[in-house]
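> Listed here are the chains, written in short residue letters.
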Amino acid sequence: MKFGVVRFPGSCDEVDALLACRRFGDAELLWHGDRDLRGADAVVIPGGFSYGDYLRAGAIARFSPVMEAVAAFAADGGPVLGICNGFQVLCEAGVLPGALLPNTSLRFVCRQVDVVVENADTSFTRACARGDLLSIPGKHTTGRYYAPADDLDRMEANGQVVLRYAPGENPNGAEHDIAGVVNEAGNVMGLMPHPEHAVDPLTGSTDGGKLFESLAAREPVLA
Amino acid sequence: MKARVLIRPKEGILDPQGQTVERALPALGFHGASHVRIGRLVELELDDPEQLPAMCEKLLANPLIEDYEVELLGTGDSANGAP
Chain H
1 MKFGVVRFPG
11 SCDEVDALLA
21 CRRFGDAELL
31 WHGDRDLRGA
41 DAVVIPGGFS
51 YGDYLRAGAI
61 ARFSPVMEAV
71 AAFAADGGPV
81 LGICNGFQVL
91 CEAGVLPGAL
101 LPNTSLRFVC
111 RQVDVVVENA
121 DTSFTRACAR
131 GDLLSIPGKH
141 TTGRYYAPAD
151 DLDRMEANGQ
161 VVLRYAPGEN
171 PNGAEHDIAG
181 VVNEAGNVMG
191 LMPHPEHAVD
201 PLTGSTDGGK
211 LFESLAAREP
221 VLA
Chain Y
1 MKARVLIRPK
11 EGILDPQGQT
21 VERALPALGF
31 HGASHVRIGR
41 LVELELDDPE
51 QLPAMCEKLL
61 ANPLIEDYEV
71 ELLGTGDSAN
81 GAP
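If you read the protein sequences in the order shown, they are chains H and Y. The working numbering applies: residue 1 is where the first sequence begins, and numbers increase by one. The working numbering applies: residue 1 is where the second sequence begins, and numbers increase by one.
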């Protein structure tokens with residue numbers, strides 16, 4: 001299993017994402033100008049402030065050469081995990097439904113949050129059980145998940161809401177307390193909290209590792 | 001051709017920036033202002049104004065969360081500052 005971790009100008013969590021991936025498989029960095037994914041079996045779009053996040057968070061990064069390759073890879077069913085800014089990029093690219101809006105507090109939130117696994121039957125959560133609580137750090141200013149009400153209802157019915165902030169934990173005003181979603185096909189996930197910062201006992205929780213573990217186990221499980 | 005694109009949060013989308021400004025106004029003695037919404041103004045010069053709608057849809061605005069209005073201001077040759 002080989003992970004490719006995309007680095008844009010302005011990314012800042014790509015090294016932690018790389019280290020998290022390497023706990024469960026091989027991983028290498030992909031540069032934003034790359035036009036191929038160097039044989040990656042799964043792609044991680046990490047957090048940060050791609051291209052300065054000018055205009056809207058993630059709006060410019062979606063036009064980078066590597067994103068064309070990522071979009072094609074996702075369209076073929078390849079697993080793609082977008083974390084924080086990566087989630088924003090995937091929403092701007094239309095690969096994931098919805099959009100991320102500024103937190104209702106208008107403040108940068110940086111704290112550990114508890115999220116509930118709502119769907120453990122995805123490539124990203126199969127190492128969890130439904131109802132599991134994961135303690136993962138959240139750190140963002142633009143994390144308020146929004147989608148039109150009809151879309152939200154459809155996503156809820158399809159099991160596309162994969163992670164939800166535990167009651168009272170919503171740090172940003174997200175609709176339906178949504179912390180993470182998958183696309184309709186289930187092969188692309190975006191989440192605002194940072195699982196890559198929760199993989200080492202040294203920093204507290206190792207719950208974030210479950211997502212990378214799930215992805216690394218993907219092929220054997222499906223075989 | 002000069003143009004302006006006015007982008008604002010869609011109706012029904014919570015605008016905490018607008019709310020914060022709305023709450024600040026009475027503190028300064030300005031009363032009776034409500035429904036404050038804050039958007040973005042993009043000014044640009046274009047060779048081909050027909051590209052503007054696609055530019056708005058693909059980049060300048062996110063149509064899921066924002067409405068936009070396009071205003072064409074004529075050629076930039078004579079205009080020096082505001083029209």
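For the record, the hints were derived by calculation from the structure and aren't laboratory data. From a predicted model like this one, the values you see are computed outputs, not experimental measurements. Quick reminder that beta carbons are idealized off the backbone N, C-alpha and C, glycines included. Be a bit skeptical, because a hint or two may be false.
Using C-beta positions, here's what the derived DEER-type ranges look like [claimed, not checked]:
no. : chain 1 : residue 1 : chain 2 : residue 2 : range
1   : Y       : 35        : H       : 68        : 39 to 49 Å
2   : H       : 10        : Y       : 57        : 37 to 47 Å
3   : H       : 168       : Y       : 43        : 22 to 32 Å
4   : Y       : 35        : H       : 77        : 41 to 51 Å
5   : Y       : 38        : H       : 110       : 19 to 29 Å
> Run every hint past the structure and note whether it holds.
Going through the hints against the structure:
As the Cβ distance of residue 35 of chain Y to residue 68 of chain H is approximately 41 Å, the hint placing it in 39 to 49 Å holds. Checked against the given bound of 37 to 47 Å, the beta carbons of residue 10 of chain H and residue 57 of chain Y, roughly 24 Å apart, lie outside it. Checked against the hint of 22 to 32 Å, the C-beta distance between residue 168 of chain H and residue 43 of chain Y comes to roughly 44 Å, which is inconsistent with it. Taking 41 to 51 Å as the suggested C-beta distance range, the pair residue 35 of chain Y and residue 77 of chain H conforms, at roughly 46 Å.
For residue 38 of chain Y and residue 110 of chain H, the hinted distance range of 19 to 29 Å is satisfied, since their beta carbons lie about 25 Å from each other.
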